[in-house]
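Enquirer: Residue numbers (this note's numbering), protein chains in the order written: chain A, 737 to 894; chain B, 737 to 894.
The hints are simulated quantities; they were obtained by calculation from the structure and are not laboratory data.
Please note that a few of the clues may not be correct.
For identical chains, the list gives no copy identity; a pair is met inside one copy or between any two copies.
[What the hints assert, rightly or not] For lysine-lysine, the following DSSO-like pairs were computed, each having C-alpha atoms within a straight-line distance of at most 27 Å:
no.	residue 1	residue 2
1	K834	K770
2	K834	K862
3	K862	K770
4	K803	K891
5	K891	K834
6	K803	K770
7	K803	K862
8	K834	K803
9	K891	K862
2 protein chains.
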Amino acid sequence: MPSSHEEWIRQAIGLAVENVRNARGGPFGAVVVKNNEMIATGVNIVTTTHDPTAHAEIMAIRTAGQKLQSFQLDGCELYTSCEPCPMCLGAIYWARPKAYYFAYTRDSAAQAGFDDAYIDDQLHLKPEERAIPGHCMPVGKSSAPFVEWAQSIGKIQY
Amino acid sequence: MPSSHEEWIRQAIGLAVENVRNARGGPFGAVVVKNNEMIATGVNIVTTTHDPTAHAEIMAIRTAGQKLQSFQLDGCELYTSCEPCPMCLGAIYWARPKAYYFAYTRDSAAQAGFDDAYIDDQLHLKPEERAIPGHCMPVGKSSAPFVEWAQSIGKIQY
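Please model the entire structure based on the sequences and the hints provided.
Expert: In structure tokens:
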């Protein structure tokens, strides 16, 4: 069993290489670790599962949640072959591991033809100015879902 | 069948309200539409499925991908009750619909106790300065996964 950050990172890289060789998806792999024990792994399976969200980190986080039966990865660390894209970084924040480690940067991903850096740039623009525009459509004064949430008894906050 | 942006947005809001009443998860709902036809819906099921990535938009995008048997939501529009968080916005960019529409803003989500605005602020920091720190760990000069990808014949790009 790996015992250092570098060994776990090498495992994530190994998964990424293997994933391309197996033609399952893009060149990305990730591992979730807790107390130096592997909790879950993930690889990019976007194209083979018709799921644009099936990045390595997302898959590893989802599997770890099932393994731990929790939507919070308390005390976990995420090792990923490449710097997380904005989607995966958001997922890391919602899953709340202790830290994450990556081998290659977004620039490397961009050079290999992936949109990570482009998406990051887009997120800095106002919604309506983005290449995929976001339009706010207020529907009256009501915030019905949030009112319902505030009044809900026994809700599980996250 | 709804025929205007506002009617589709109201459907997304209705799903969000219903989701809280059913105690399935947070107060969020989303609908994917193509040619004024509903392709998929999604609600937030983070807590009940132990999946921190199971936001309404992610669920709607994943289901739409299955329905269309494609990892690209060409020509689709996404209607969501609340402005997408950074994770969901990243997912929108990977799925590449035409546009998205939302009723409530991130500030509303923040007021209701959700981390969207906080995560957005965190993403503007350098990885190592974030509350969940990201550490780059280069492992030698090799970019093995990207080299493998470049050399892969018959790979499906996305």
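Enquirer: Each hint should be assessed against the structure and marked as holding or not.
Expert: To see whether the hints hold, each was checked on the structure:
no. : hint           : in the structure
1   : K834 with K770 : within (10 Å within a copy, 40 Å between copies)
2   : K834 with K862 : between (31 Å within a copy, 16 Å between copies)
3   : K862 with K770 : between (38 Å within a copy, 24 Å between copies)
4   : K803 with K891 : within (23 Å within a copy, 31 Å between copies)
5   : K891 with K834 : within (25 Å within a copy, 34 Å between copies)
6   : K803 with K770 : within (12 Å within a copy, 36 Å between copies)
7   : K803 with K862 : neither (38 Å within a copy, 31 Å between copies)
8   : K834 with K803 : within (17 Å within a copy, 36 Å between copies)
9   : K891 with K862 : neither (33 Å within a copy, 34 Å between copies)
Hints 7, 9 from the earlier list are contradicted by this structure; the remaining hints agree with it.
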